[in-house]
Structures are given as structure tokens and as C-alpha cells.
Amino acid sequence: MSVKIFKINEDLKEFMPQEIVDLEEKATWGNPKRGVMDLPYAKELIEEHSLCAGCPESAAFRYILASLPNPEDTVIVNSTGCTSLVFPHIALHTVHPLFGNQNSVASGIKRVLEWRFPDKVKDVVVIAGDGATIDIGLDCTLQSFFRQEKITTICFDNEVYANTGGQDSGATPRGMEFKMAPGGKQWDKVPMWQLAIDSGCHYVARLSVSSPKKVEQVVKKAIYVAREVGPTYIHLYTPCILEIGLNADQGLWEMRQRDKERFKFFEYMTDEAKEVIERKKKEGLL
Amino acid sequence: MPEQVKTEKVRYNRMGQRIVSPDYLLFEAPRTKHFITGSEAVKEAAKRASVDASISYPITPQSEAAHMLGELWREGYIGVYFRGESEFGVMSEVAGCAMAGARTITTTSGPGTLRAMELFPMWAGSRLPIQLVLMARGINSPLSIQPDNLEIYFLLDTGCMVWHAETAQELFDMIIAGFVVAEQPDVHVPVITAIDGFFISHTREAAYLPPEDIALPPYDPYKAPMPPIDMEMPPGRFMRDPFVMKSNYISYATHASWQFEVRAAIERSRPYAKHYLRGLVEHFGDPEGEVLFIASGTAAAQAKEATQILIHEEGIKARVLRIKTIRPFPTEEVREAVKGAKYIFIPEFNVIGWLEREVKRALYGYTDIPIFGTPRVGGGMTMPPEFIVQEVLRIIGKEVKHVG
Ligand SMILES: Cc1ncc(C[n+]2csc(CCOP(=O)(O)OP(=O)(O)O)c2C)c(N)n1
Ligand code: SF4
Ligand SMILES: [Mg+2]
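Chains as they are written, first to last, in the working numbering: chain Z, 207 to 492; chain W, 584 to 987.
Isolated chain Z (complex conformation) (with noise of 0.2 Å):
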């Protein structure tokens, strides 16, 4: 466990500003209990975030730190898009690799941890884009599925290129409109949670970040079965308010609507996931 690292030297603490300060007394190291429900009394792994105002990712992004069980190794790999702007703000180590190939750097960090720290347990997790994970990306994203490596992968699925100023992306859904789809997208969604689940992944899910604790659960429980059996997959609708016309304090209605339909809760697991996920349950710790 590497809890130390967040330690300040004494004589130094004086000058630290205070959210540094905060990080070794008030977040919640070095205990996997911890969760959304500690969201208003600890220090928070992110500090700020650089979204736009009400942009649902933010929530994505405090729920899903919030409960990653072993936040003092855990590494994150992001990709180039709205989220980018954000991962500066993480008090983990992360990394912005390029567009599209996080699934990639994500094995090599993880394979050459493993190497190097044979005894610890080192998670790494994956927060990109829907352009990032299943346009540009998908090819790193399904290798790395094949290759049967032992990541949790995370796509903020707000069915647009946001960042880039609202173009269709594999995830839009038939006919909607966007700047590179005039007069509507030709083709349907691409069911990304149902290729994880083909090209091999033993935990998938698919939500909206509507419901804290539902993303606790589904985060817990894919970087469990990550650590031990092989790749996860969770599929997050983050929809992107500025792109579908809506106000800062519309996101949540709007993810209510699709919890009724496309993004309808959605649980996949494999036998051994199951194992997994039994155990933890037993232990406490899910």
C-alpha cells in the first residue's frame, strides 16, 4: 500500500495548501469500504473539475473515485476529450496517452506493474470518450479484451464528440443530429456493451450515472473481477448537456428518461466474475 506517498513532511505542512493538506487527513485511504456515501464528509480525489456547469460527466467522475477500493494503487488512463481537462485535477497518478489508444498504454502500465510488484495489487483503470473507446479506439479497446488483460474500462458514453463541437460519433443513436451527420446519423448505436461481452470481458455493465450508489456497486465490482479473472467493461451514459440543448440542472432528468429505455440498467458476468463477486459480497466489501 502505498498511503505514504500522500504524507507531508511536518516541518513543511505550514506551506501546503490546504487541499494537498486535506488529501493526507480527510480522504479515505486504505479502506475498500469507502464509497459514494462518504461523498460529503471526505476529501474528495478530485479537486475540481473543468466541465461545463452540470455536465453529468463531473458526477460520473466524483462516484467512480469515490469508490475505486484501493484508490492508493490505482492508476488511470485517460484519453483525449472532454474528460481530459479533468484528469490534472486527480490526486492518483494518471495518464493522458493520445486519442484512442488508452486501452493499449493501460495493458502496458498494467503487465509491466505486475512485473515489477509481484505482491501488491495494483488496479488500473480506463475513462475515456465514446469517440475514444468505440470510434478511434475500438480496435485497442476490443485487443485489449482479447488479450485478456486485467483492466477496468470505463467509457463516458455521452453519444457525441463533445469536445470537438458536437459531431456524431458510433454511439449516436439512428438519426439523431449532429454537425457531421446533417440531417440525422444513417447508422444505428454501436452495442458496445455487447462486444465487450463477445470479445471477452467477464464483467460488463450498462447505466447512467442517475444513481450514485448503482455506480458504486458496478465500479466495485468490475475492478474486483479485474484484478483476478481478466478485462471489465462499464458503459456510462454522461449525456453532454451543451450538445443536446439542455441547462446545468437538466442532466439528471434527462438520464432518468433513459434509464426507461437505451440506457435501462444492464448486468453481464461470467461464472468466474460471479465467483468473484459472491466472495466479495461474503467478505463485506461489495
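Accuracy of the hints is not assured; some may be wrong.
Stated by the list, open to error - Now the stretches of chain Z that chain W is said to cover, found in silico as 3 or more residues with beta-carbon under 8 Å:
| id | stretch |
| --- | --- |
| 1 | 276-283 |
| 2 | 295-304 |
| 3 | 322-336 |
These aren't lab readings, by the way, just hints derived from the structure by calculation.
C-beta: ideal position from N, C-alpha, C; glycine also.
Based on these hints, arrange chain W with the ligands on the given structure of chain Z.
The following block gives chain W with the ligands in isolation, referenced to the frame of chain Z:
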């Protein structure tokens, strides 16, 4: 016995090889004669370099070297190895390996290099001391696998060091030196060790190798200027205000200075490269030579042959300045070497003449000596020494006496 063994406790790497200093491994250890290909030179070097990780993808002519790195993994010399999904994937995977603190090597050629292109500046900007052994081959037009080193040109300004070996022997030594130089804390950028594919990768030559039970000291990621991504030290990239990705003056200045810093790191590699490569250049032939070839890689080997013919059969004083490092470019060495020359010839195995551009840039305003970017062959054509001699004689207006 290496000095450090007398004074310090003997250390072994994970494979049980005795750890020796880079100087001992490169210069002092007894060597025995072997008859190896360039691909085997990669294996022999990696075997003695305490390599942690390697990822491969097939493409001629580098595949064989990559196979052998896989064999080293099976034997336990390398910690992590697999075949990636494409060169873009592989160069991303090795980036991940290096970020996580591994000494990392990979190989590629021609179209593979271009497929992976987006990664090389990323490696450099992330200060990853990855070693890429580049076995140059033609770039698709529309399909070519022939020997041709045009691709090296595309790599010159990626922020990576680029070295060019002439022989399998030199490739062996350069790979070992490459790790040592690239991992210096004040350098810490990737190194691309290039050879001309087929000519070096697939031909056998005598090479002198140190014993296989000694190896370089393992890589220490905690000496790196950027913290490894392993959650074992404070997350250095945690910053409250991520100015690096904002559109404002500070962000622009940061990006500009970081690009300069990456180039400055290559500059700082000079003294190390000079030491471990025994100079950034090699001089060959008659020191008074008025015909001066400036060349690298296989073209330099051919120029040396041509120099012998010029001296011994044509009675013309000739010499070769062989460039070992294209990045950093040995500007001072080139300026010094041209003194006394009457003609400069730059033979190359590519149609654009990237070395000619480099040399002309280094010499602009320093000399009036005419510079001829010739002969230049590409697409797999050979460059026989006699052909070089003919070109020289034709240009300097001398009668062709012996070759024809
Ligand atoms: C190779 C490459 N192509 C294109 C881009 C431009 N680009 C940057 S972010 C982005 C959109 C990202 O979309 P997504 O992954 O869905 O994330 P979002 O911004 O929607 O959160 C694109 C196309 C890039 N940075 N690199
Ligand atoms: S553009 Fe859309 S996805 Fe990006 S931060 Fe704004 S609301 Fe969120
Ligand atoms: Mg998106």
C-alpha cells in the same frame, strides 16, 4: 574483474546475470568472436541489457529480431513480452510499459514506423527512454519491402535521439549504449537505433561479444525526471490548475518551453553518447583526403570501399566522415572535418537525401566547398563502390581509369 566488483558486493539481475558497469560491459569485458546477423545482434544486446519489457508486431525485415526478443522472454531475460495489435498499439503498449517503470525495447520497419508515427513525439514529450530498433525499409509506394532508409527522415524531429549503425557489431554496442544514454536523468528521451534493413539485419558478419552472464544495471525509474506511473511516489502530475491544457499565454509558453526542453535533452546527450559510442563520428581513409564522403549506415560502408579504390587504384586522396548520431547531429565534428577537403560527397540509400540536408544546414556559411548529394539510390537499388567512384570521377572531372 571489473573495478566495482572488487569494492562492492556482487549484484545479480532477475535472470541471475552479474551486474557490471556500462563501461565494463562495453569496453573492458573480454569478447569472443561470433558470426551473427543484425537481428541476432539485437537479441545478443537485449540479453545483456536487463530489459524489462518488449512488445512486437510483424513486419519485414524486423520480424526476426522481434521473434528473438520473444525467445529471450521465454528464457526469462525479459519480463513482459507479447505481440500487439498494430504498430500504433505496440508503440502505445511500450509507452505504458515505460511509464510504469520498465526498461523497454521494440523494433519496427517502414510502414510500421509510419503507422506508429503519432507515438514518437508522445514518447519524447513524456520523457520515456524507450529504445526503438529501426530496421529501415521502403515506405509504401504503393508497396515496397526493399532496403531504403527514407523513413529515418520522418523521425528526425520527433524529439527522439536517432543513431545510425553501420554493422551488426555496431548495432550490438549501440543498443547497449542506447539504454545507458537514454536513461541518464538529464537526458531521458527515447533513442532510435537505426540500421539499413536487410543489408544489416539479414547478413552475417563477425562480431565480438562480451560473455552472456553479465548485464547492465537494471533501470531505476525513480531517477527519472518524470515520476513513473506506479503510485509509489507522490503523483507529480497532480496540479490544481492544469494550465498545460488551457488556451492562454502561460499554456502556450509552457508548451513552447517543453518542446525546447526535449530538444535540449537531446543536446545534453552529447557527452554521454561521445563516451559510450567513442565519438559521434568516425574518420576513415587518408586524413589529407580532398575527396570527403560524409555518410551514415550502409552508405558509409560503401563509401569506405570507394575510398580504398580512389586511394589505391585512382591515386586520389579520399576519406570518409561517418556520422553515428543524426540526433544529436555532430555539427562541430562536421565543420572540423571538412577542413582541407575540396569536394564533399554524400551518398545515401534514399531518394530525398536527408543527410545532405542535415550536412548543408550544418555547413551553411562555414565553407565554400562544393557539396554533392550523390550517389543516391532508393527502392532497393544497390550502391556498388565502383559506382560511387565513377560518380566522383565524373564530377571532379577526372578520367575514369580503372573502374568501368
Ligand atoms: C488523432 C486525433 N484525432 C482527432 C482528435 C480530435 N479530438 C479531440 S477530442 C475529440 C472528441 C472526443 O470525443 P469523445 O471520446 O466522445 O469524448 P467527449 O469529448 O465526448 O467527452 C476529438 C475528435 C485528436 N485529438 N486526435
Ligand atoms: S461539452 Fe458536453 S460533455 Fe463536454 S463538458 Fe460540456 S456538457 Fe460535458
Ligand atoms: Mg463523447
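Could you tell me which of the numbered hints above are not met by this structure, giving the numbers in increasing order?
-> Violated: none.
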